[in-house]
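Take these sequences, add in the hints, and give me the full structure.
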Amino acid sequence: MSAPAVAHTELFSYLVTRHTGRAVRTGIERELAKFDRAVLAVLDMRHVPVIDFSCADEVVAKLVIPGPRPSSGPRRFFLFRGIAEHHLEPIECALSRQGLAAAGESVDGDPMLIGRIERGVEVAWREIWAVGLVGAAALATRLHVTEDAAFGLLAELDSRHLVIRDGDRYVSFGRALEDARRGDAG
Amino acid sequence: MSRVIEVPPTLDETGFETLVEAVRAGDMEEGGPRLLLDARQVSWVSPYGLIGLLAIGQAARERTGLAPLIEPPDDSEVRSYIDRMDFWTAAADVFEMETPPARRHGEVDKLLEVTSIRSHEDVHRVVQHVKDRAQRILINRLGYPRPSVIHFSVMLSEVCQNILEHADSIGWVCAQRYHWKRRLGKDVVVLAVMDVGIGFEGSLGAEHARRYGESWSAAAALEAAFLQGESRFRDPGRGQGLQAIRRQGIKWNGAVRIRSGDAMIARVPDWDDTPELQSALPWFPGAQVLIVLPEYSGGPG
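As you go down the protein sequences, you meet chains A and B in turn.
The numbers in the numbering used here rise by one with no breaks, and the one at position 136 of the first sequence is 136.
The numbers in the numbering used here rise by one with no breaks, and the one at position 122 of the second sequence is 308.
No lab work stands behind these hints: they were computed from the structure.
Since we're looking at a predicted model, the values are computed, not measured.
Some hints could be false.
[What the hints assert, rightly or not] Derived contacts from chain B toward chain A, CB cut-off under 10 Å, selection only:
| hint | residue |
| --- | --- |
| 1 | Leu342 |
| 2 | Arg424 |
| 3 | Arg433 |
Note that beta-carbon positions come from the ideal geometry of N, C-alpha and C, so glycine has one too.
Put into structure tokens, the structure is as follows:
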């Protein structure tokens with residue numbers, strides 16, 4: 001897969017009520033629909049003073065839920081940036097309730113997975129975030145697991161759209177953003 | 187034909203129950219009498235009691251087709267308090283009144299005046315409006331940690347949305363800080379939210395009643411929503427709001443009570459002795475929510 005496009009969205013103001021959440025999500029989906037290739041959507045929440053549970057369901061959970069999109073359609077990846085302490089509970093709750101997980105970055109830029117995720121899968125995700133790009137064999141070495149186990153972890157992360165698969169290699173969202181920046185600068 | 191119903195002198199959640207009991211089934215039917223709520227003897231009123239008057243008035247109005255009447259309290263302090271809580275603005279849409287008393291401004295530890303909720307814009311307004319006051323009252327007066335202002339806003343948003351999502355009707359919200367000398371010996375914030383819509387039994391019925399069979403009731407609907415996070419929608423993302431309120435109530439050692447139909451469910455803190463589930467109460471439409479948050483006593487904000 002070629003490098004995904006990157007779409008930045010800054011969210012502002014009070015994310016309260018389901019109605020507002022639905023409107024915000026619809027706007028984001030409309031923007032993402034314009035891309036005819038894979039896209040990494042970066043949603044910046046630094047300027048969101050309050051998000052309630054209904055809005056977290058609409059803006060986060062319903063965005064990351066694997067919808068009934070055709071398998072041939074472009075893939076979508078989401079990174080929620082600027083996650084503050086007060087955002088966490090509603091988002092965590094909305095995702096966990098449906099067995100979902102989403103990639104995030106704290107206000108300090110620390111990567112995090114929010115929602116329901118097995119410990120081993122999260123460890124693998126952090127490892128990939130740290131190195132940027134990895135294959136099954138390298139991940140197995142780094143995590144001290146068999147290659148089969150590493151492949152299983154990568155398959156899980158890939159199916160949940162938490163890493164970007166590029167042939168035999170798996171790219172972190174952080175690396176994809178760096179690559180996109182470099183591409184823009186070049 | 188009209189019927190006078192005397193409002194109890196202490197108009198809190200107990201007074202509201204007395205009032206609901208005083209309203210006969212025939213008062214809430216088409217062709218029923220015009221109600222006159224006689225509040226002249228009221229000497230104390232809580233946010234729950236205050237919007238309880240609106241709820242009873244609105245229920246009567248919707249069912250009889252006649253706007254009820256109201257006699258304001260004689261007590262000047264109570265009158266002044268009611269004025270400052272902006273009760274009459276909302277009351278003008280419910281009761282037949284010649285000229286609503288002018289709104290007075292003054293010092294009262296109100297978090298939120300009586301506010302009608304009809305749309306999501308109203309919920310937005312309430313949540314944004316309450317921020318500075320919540321900061322002043324929760325942090326400075328009740329000793330809550332700073333993030334509690336956000337948690338309170340979320341609680342407020344979810345409980346108000348309950349009106350929009352499930353009631354199919356107008357609702358009201360009101361919140362105030364005061365000192366519960368007799369009951370708790372502490373300052374508390376009391377948040378009351380009410381509507382007279384279809385209630386939990388009606389709201390969840392289409393989706394869940396069949397599964398419960400004959401045991402389906404207002405109490406069963408409240409348990410399903412409050413304890414199990416069920417909602418009237420099949421969408422698994424729904425039904426989080428009330429559970430979040432309950433969890434926050436537990437974290438803050440607060441009381442959360444929801445009355446609907448003929449039942450009431452509660453999250454009961456150690457300082458309260460309300461039963462966790464009551465049924466066979468006098469029937470009343472919609473949902474009536476009472477949240478009491480005592481002075482902060484530690485733990486996560």
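Hint check:
For Leu342 (chain B), the interface hint holds, since its Cβ comes within 10 Å of a Cβ in chain A; the closest pair sits about 9 Å apart. The interface hint given for Arg424 (chain B) holds, since its Cβ lies 8 Å from the closest Cβ of chain A, which is under the 10 Å cut-off. The interface hint given for Arg433 (chain B) is met, as the beta carbon of that residue sits about 9 Å from the closest beta carbon of chain A, less than 10 Å.
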